[in-house]
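Following the hints, position chain B against chain A.
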Amino acid sequence: MTQIRATHEIHGRRLSRNIGLGIVLVAFVGIVYGLTIAKVGTDPNDDLGAPWAQAQDKAAK
Amino acid sequence: MSDTTILDQDRDAGFGDYFALLKPRVMSLVVFTAFVGLLVAPGAINPFVGLCAILFIAVGGGASGALNMWWDADIDAKMRRTVKRPIPAGKIEPGEALGLGIALTGFSVIMLFLATNWVAGALLAFTIFFYVVIYTMWLKRWTPQNIVIGGAAGAFPPMIGWAAVTGDIALESILMFALTFAWTPPHFWSLALFVKSDYKDADVPMLTVTHGRRVTRNHILVYTFALAAVAIGLGLTSIGGPAYMAVAVVMNLWFIKGAIDIWRRTDADSEADSHLVERKFFKFSLLYLFVHFGMLLVETSLTPFGLGGWS
Numbered sequence: 005m006t007q008i009r010a011t012h013e014i015h016g017r018r019l020s021r022n023i024g025l026g027i028v029l030v031a032f033v034g035i036v037y038g039l040t041i042a043k044v045g046t047d048p049n050d051d052l053g054a055p056w057a058q059a060q061d062k063a064a065k
Numbered sequence: 005m006s007d008t009t010i011l012d013q014d015r016d017a018g019f020g021d022y023f024a025l026l027k028p029r030v031m032s033l034v035v036f037t038a039f040v041g042l043l044v045a046p047g048a049i050n051p052f053v054g055l056c057a058i059l060f061i062a063v064g065g066g067a068s069g070a071l072n073m074w075w076d077a078d079i080d081a082k083m084r085r086t087v088k089r090p091i092p093a094g095k096i097e098p099g100e101a102l103g104l105g106i107a108l109t110g111f112s113v114i115m116l117f118l119a120t121n122w123v124a125g126a127l128l129a130f131t132i133f134f135y136v137v138i139y140t141m142w143l144k145r146w147t148p149q150n151i152v153i154g155g156a157a158g159a160f161p162p163m164i165g166w167a168a169v170t171g172d173i174a175l176e177s178i179l180m181f182a183l184t185f186a187w188t189p190p191h192f193w194s195l196a197l198f199v200k201s202d203y204k205d206a207d208v209p210m211l212t213v214t215h216g217r218r219v220t221r222n223h224i225l226v227y228t229f230a231l232a233a234v235a236i237g238l239g240l241t242s243i244g245g246p247a248y249m250a251v252a253v254v255m256n257l258w259f260i261k262g263a264i265d266i267w268r269r270t271d272a273d274s275e276a277d278s279h280l281v282e283r284k285f286f287k288f289s290l291l292y293l294f295v296h297f298g299m300l301l302v303e304t305s306l307t308p309f310g311l312g313g314w315s
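From first to last, the protein sequence lines stand for chains A and B. Count along the first sequence from 1, add 4, and you get the number used in the numbering used here. Count along the second sequence from 1, add 4, and you get the number used in the numbering used here.
Pulled out of the complex, with its shape left as it was, chain A reads as follows (with noise of 0.2 Å):
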């Protein structure tokens, strides 16, 4: 019966792939996130950005 046999070097370059995939698309999904909170919480009009916009009226007064 084969032996299963130590972690080949094959293993570790994949795993490293798949490890920096994995980040690449969390970063991803947190970059979507932050411009969306940028670009639709900075709209006056908006609800996200209601709150943003007051808070700019008093910094300015």
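Treat the hints as calculated values from the structure; they're not laboratory data. Glycine residues also receive a C-beta, built at the ideal position from the N, C-alpha and C atoms. Watch out, some of these pointers could steer you wrong.
What the hints assert, rightly or not - Per label pair, the in silico range of CB-to-CB distance:
1) 13/A <-> 142/B: 37 to 43 Å
2) 41/A <-> 126/B: 24 to 30 Å
3) 85/B <-> 30/A: 31 to 37 Å
4) 106/B <-> 59/A: 38 to 44 Å
5) 219/B <-> 26/A: 49 to 55 Å
6) 26/A <-> 290/B: 32 to 38 Å
7) 81/B <-> 13/A: 21 to 27 Å
8) 110/B <-> 13/A: 29 to 35 Å
9) 26/A <-> 106/B: 19 to 25 Å
Structure of chain B alone, referenced to chain A:
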């Protein structure tokens, strides 16, 4: 399991190999100059949007790097400097590089457009097209002026950064483009004068090979004068100022002096001191570009204190 599959597995690339396709070292120049273009532009941009814009510009630059490596895999395999790139090293299939390059091109252009505006997105798309199609596919193997054309592609990032904020093209952003554009030939040709290259083996026409080193020295001088005119002209615009100008005058005089020294030398002089003047000129050229863009940043950061710019 057949032998073929074992071989295929052996070629499995790690994450770093894909990252290497994006030419991370070139990317650092792209990021820095795009960052300066974005910060010196009049008007405001949400800091997070600005950060994302820089990231997308960098990814777009990376995409053109991957497409360049896909097209140039044959010549990369013939030159010592490039033989270890992922494709000639056998780690990544050419088709994979092509796929990654196209995917990242679409991704970066669309994301930059969505995050900022269509002018910035279109400029990024044009930059990638210019670098990959005009430079890599068409002119690189055809004309010894290839460096000049390639330099143009590398010069776009500050214009894209500027457009990300203003949605426009202006004299200032064009002059920032012209600065890197005119800087590339003296920078690269001075390197070509002292590095023994194997471009000849790869059939890439380099000025030193096709027209000789004398002509290369002449070219360096002419482009250095053009560069000085651009650098000083940039200082007279709204993003320049006394601090930039003072530094620019000194650096350009020094650079011109170096170019004249190179121009007056013969190859015998150059061999005698193992290309000392050329080496110094090349090293200084790196500092030159960094400091010029850096001084534009200084002018912008002095403005809130009433010290930056001309007014």
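Evaluated hints:
no., hint, in the structure
1, 13/A <-> 142/B: 37 to 43 Å, "holds (40 Å)"
2, 41/A <-> 126/B: 24 to 30 Å, "holds (26 Å)"
3, 85/B <-> 30/A: 31 to 37 Å, "holds (35 Å)"
4, 106/B <-> 59/A: 38 to 44 Å, "holds (43 Å)"
5, 219/B <-> 26/A: 49 to 55 Å, "holds (52 Å)"
6, 26/A <-> 290/B: 32 to 38 Å, "holds (36 Å)"
7, 81/B <-> 13/A: 21 to 27 Å, "holds (24 Å)"
8, 110/B <-> 13/A: 29 to 35 Å, "holds (34 Å)"
9, 26/A <-> 106/B: 19 to 25 Å, "holds (22 Å)"
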